[in-house]
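*Asks:* The residues making up each chain are set out below.
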Amino acid sequence: METYLWITSVWGIYLTAIVFFGGMAWRIYQWATTPKSPVRLGMFPKPKSGAGRFGKLLADTFIAPQSAKIEPTMWIFAMAFHVAALGAFVGHLRLIHEFPFLPEWLGEAGMNTFAAWSGSIAGILMLVGVLFWIVRRTFGPYKSLSVPEDYLLLFLLLGVVAMGDHMRFVYGGVVHAATYREWFLSLMTFKPEIPAELLASNVGVSLGTHMLFTDLLLMYFPFSKLVHAIGAFSSNLVRSE
Amino acid sequence: MSDETKIDLELDLKGLLCPLPMVKVSQNIGNVPVGGVIRAVATDPGAMADIPAWAKSTGNEVLQAAKEGSEFVFLVKRVK
Amino acid sequence: MDSTQLTTLTGVIDKKMNRQLKQYMDICARCAICKDACHQYVGTGDFKYLPARRAELIRQIYKKYFTKTGEFVPALYEARDPDENLLDELYDSTYACTGCRRCMYYCPFSIDTAWILSVAKAILIAAGKGNEMLGQLADAAIFKGDNAEMFNDVMVSGFEDIQEEVRAITGNPNSRVPVNKEGADILYVALAGAHSIRPAAVIFEEAGENWTISMFEAANYGFFYGDVEKARLITKRYIDEAKRLGVKEIVVPECGHAYRVAEFFYEAWSKEPMPFKISHILEKVDQYIKAGRITVDKGLIEGKVTYHDPCQLGRNGGKFEEPRDIVKAVTDNFVDLTPNRAEQWCCGGGGGIVAMEEFKDVRLASGIKKVEQLKASGASVLACPCENCRLQIEELNEIHELGLQVWQVIDLVVAAMPLKGTKPTHA
Numbered sequence: 001m002e003t004y005l006w007i008t009s010v011w012g013i014y015l016t017a018i019v020f021f022g023g024m025a026w027r028i029y030q031w032a033t034t035p036k037s038p039v040r041l042g043m044f045p046k047p048k049s050g051a052g053r054f055g056k057l058l059a060d061t062f063i064a065p066q067s068a069k070i071e072p073t074m075w076i077f078a079m080a081f082h083v084a085a086l087g088a089f090v091g092h093l094r095l096i097h098e099f100p101f102l103p104e105w106l107g108e109a110g111m112n113t114f115a116a117w118s119g120s121i122a123g124i125l126m127l128v129g130v131l132f133w134i135v136r137r138t139f140g141p142y143k144s145l146s147v148p149e150d151y152l153l154l155f156l157l158l159g160v161v162a163m164g165d166h167m168r169f170v171y172g173g174v175v176h177a178a179t180y181r182e183w184f185l186s187l188m189t190f191k192p193e194i195p196a197e198l199l200a201s202n203v204g205v206s207l208g209t210h211m212l213f214t215d216l217l218l219m220y221f222p223f224s225k226l227v228h229a230i231g232a233f234s235s236n237l238v239r240s241e
Numbered sequence: 001m002s003d004e005t006k007i008d009l010e011l012d013l014k015g016l017l018c019p020l021p022m023v024k025v026s027q028n029i030g031n032v033p034v035g036g037v038i039r040a041v042a043t044d045p046g047a048m049a050d051i052p053a054w055a056k057s058t059g060n061e062v063l064q065a066a067k068e069g070s071e072f073v074f075l076v077k078r079v080k
Numbered sequence: 001m002d003s004t005q006l007t008t009l010t011g012v013i014d015k016k017m018n019r020q021l022k023q024y025m026d027i028c029a030r031c032a033i034c035k036d037a038c039h040q041y042v043g044t045g046d047f048k049y050l051p052a053r054r055a056e057l058i059r060q061i062y063k064k065y066f067t068k069t070g071e072f073v074p075a076l077y078e079a080r081d082p083d084e085n086l087l088d089e090l091y092d093s094t095y096a097c098t099g100c101r102r103c104m105y106y107c108p109f110s111i112d113t114a115w116i117l118s119v120a121k122a123i124l125i126a127a128g129k130g131n132e133m134l135g136q137l138a139d140a141a142i143f144k145g146d147n148a149e150m151f152n153d154v155m156v157s158g159f160e161d162i163q164e165e166v167r168a169i170t171g172n173p174n175s176r177v178p179v180n181k182e183g184a185d186i187l188y189v190a191l192a193g194a195h196s197i198r199p200a201a202v203i204f205e206e207a208g209e210n211w212t213i214s215m216f217e218a219a220n221y222g223f224f225y226g227d228v229e230k231a232r233l234i235t236k237r238y239i240d241e242a243k244r245l246g247v248k249e250i251v252v253p254e255c256g257h258a259y260r261v262a263e264f265f266y267e268a269w270s271k272e273p274m275p276f277k278i279s280h281i282l283e284k285v286d287q288y289i290k291a292g293r294i295t296v297d298k299g300l301i302e303g304k305v306t307y308h309d310p311c312q313l314g315r316n317g318g319k320f321e322e323p324r325d326i327v328k329a330v331t332d333n334f335v336d337l338t339p340n341r342a343e344q345w346c347c348g349g350g351g352g353i354v355a356m357e358e359f360k361d362v363r364l365a366s367g368i369k370k371v372e373q374l375k376a377s378g379a380s381v382l383a384c385p386c387e388n389c390r391l392q393i394e395e396l397n398e399i400h401e402l403g404l405q406v407w408q409v410i411d412l413v414v415a416a417m418p419l420k421g422t423k424p425t426h427a
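Protein chains in written order, with the numbering used here: chain A, 1 to 241; chain B, 1 to 80; chain C, 1 to 427.
So that you can see chain A by itself, here it is in the shape it has in the complex (with noise of 0.2 Å):
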């Protein structure tokens, strides 16, 4: 147990933090030092202030629109999956430090169950919606359109989703944030080592293997179409040129 937390996440995270960074920083540099198309691609309506296409390429990226009005289905989907991942980036947080005010609002006891509904919520909706795009990917169009990256991403996501609600679940009321957080800290100040609270608890395989896909799905990120994720506010500004 101790070598597989070592390789997935000890080694494995520095390895994905050079890889996803650097792959990114790579990206981004083809995508600025790439000459912008000579034909302005906008359309309309286009607001015709600067704050106007600020608040237009806010409101086109973050909720879509136009994207809702089409395919509400998809976008209550594609909305509670994007949100609630947000949401869980946010709460990984309290790997790096503990939030400011909440813990003495709620108190020691309070924080815990705050963290496990909202945990478990943000869970269950990327649970939920990385299964919907599973299912939608196998039939009529959907299916068509698809390539095996698409399900290579969907398969990495639904492993990084399964085991972290895992841990949410079964393990969260044994193993709290403090614990994960000496570990994580650990490797932040490149001094690694594996709370022997984590490896008593038997948490590590779950730990494991969501890393494992962690790693993965970071790794592939900046070659994948993920990269939507920073380039649909690009895409997104040409609308209103």
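A hint or two may mislead.
Just some of the chain C residues that point at chain A, by a computed CB distance under 8 Å [unchecked claim]:
{"#": "1", "residue": "Arg30"}
{"#": "2", "residue": "Lys35"}
{"#": "3", "residue": "Asp112"}
{"#": "4", "residue": "Ile125"}
{"#": "5", "residue": "Ala268"}
{"#": "6", "residue": "Phe334"}
{"#": "7", "residue": "Val335"}
FYI, nobody ran anything at the bench for these hints, they're computed from the structure. Ideal Cβ positions, reconstructed from N, Cα and C, are used throughout, including at glycine.
Got chain A; can you put chains B and C on it based on the hints?
*Replies:* Then chains B and C, alone, in the frame of chain A:
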């Protein structure tokens, strides 16, 4: 001239707006043999420039482009 | 496929590469939200017309030759060579596309499929598979530009005939169709047909406009064909003419792509700033009506009137309100189609598809949404300022027995003007 020329295909392009007369002539030129002639009658004056320009740029030959009353009559020979 | 052609075709992508294309290639999630935006996919259910699929063919080449992951693991992206199979499907899906960009409107990332297909057209042309008819139409237009002298007399005599018709309509023997008028304020670049000159001339003359007619047509089949150089040369004909005559403003006719080409594309093609103000004729007519330079009477047009936004003029050109204001000025009985403006369904006739007989079936099938909209509106008159749209809708009108009168907007205006002469009967 039109009296002597053997017509292989008659095209009624009356009422069609440019560039459709040119499009129809182009679509039908393959339906006559090389050396064959299409007689086309159009009502849009734009055809008076369009059809000769099409013939020149595709290497075909306009034997006649004449205004007859409110109609424009073309004799187009397929060259290749 | 042989390596020379492969180098040629990938070279086309390389030459056409820009940030937008690269991002469109990299970020599409194949979510297929564009599926129900496309009138051709909705009308036929044929997978090759699904917008993301059309783009995917270019993406498959891009992944293999422009990305490392696609080069090493092509199977992951179904990356492949631009072989005959790919090019055949690409030909169908690219030249059938009307360029309406309704898919871009609904795409969460605003991916411009039409822009991707402009690269597809360049690839097809390089492979010797450009659409022959569109190529011929483009070449004929360039030939007219290169040999303007040859056509001068024919054109002038045509304009004189139209001038007579204009005088009959206005009842004013001094009405003119000015040709080659130096120092005119406006160069009106019409379509080749008299129908696009006659009513415009009536309106310009009645408004007391200082205008002149162009020897060239505003339609640009080089744009539809997908050859930037041909497209540039075709538009350059009237840009040079406008420079020679010293006009201030170029006015394009009731045509969708002519406006977009002049206002949005020509600067990029010619690599120089557009020296003239570009206006659509309906902007001018709207101004004339609002300024009282021409008079229109309500009540001369019978029946419920609706309006179709041509994609290139509306969603892609931004002219939503001017045409509507004109139609509302000539009738109180106006009803909008649903949806309208930016969400307007493409009629299915754009992109030069009406000139390509081989796409007739998909074209007519793709009009079903427009037919539904028109039926639901209950209108008996349709105002539509785009030639390709009108050709398509008139055909749909006949097939589906809609009983619609399909009008140019400027014809409606002339019909509503109190003039001394004889009104032309609507064709």
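*Asks:* Hint by hint, note whether the structure agrees.
*Replies:* These are the hints, each one checked on the structure:
1. Hint status for Arg30(C): holds, given a least beta-carbon distance of 5 Å to chain A, under 8 Å.
2. At a threshold of 8 Å, the smallest CB-CB gap from Lys35(C) to chain A is about 6 Å, leaving the interface hint in force.
3. Below 8 Å, beta-carbon pairs count as interface contacts, and Asp112(C) has one with chain A at about 5 Å; its hint therefore holds.
4. Violation of the interface hint for Ile125(C) is found here, the shortest Cβ-Cβ separation to chain A being roughly 18 Å, above the 8 Å cut-off.
5. Hint status for Ala268(C): holds, given a least beta-carbon distance of 4 Å to chain A, under 8 Å.
6. With a least beta-carbon distance of about 21 Å to chain A, the hint placing Phe334(C) at the interface is violated under the 8 Å criterion.
7. Annotation: interface hint on Val335(C) violated; nearest CB of chain A at approximately 21 Å, more than 8 Å.
The structure fails to meet hints 4, 6 and 7 from the earlier list, while all remaining hints are met.
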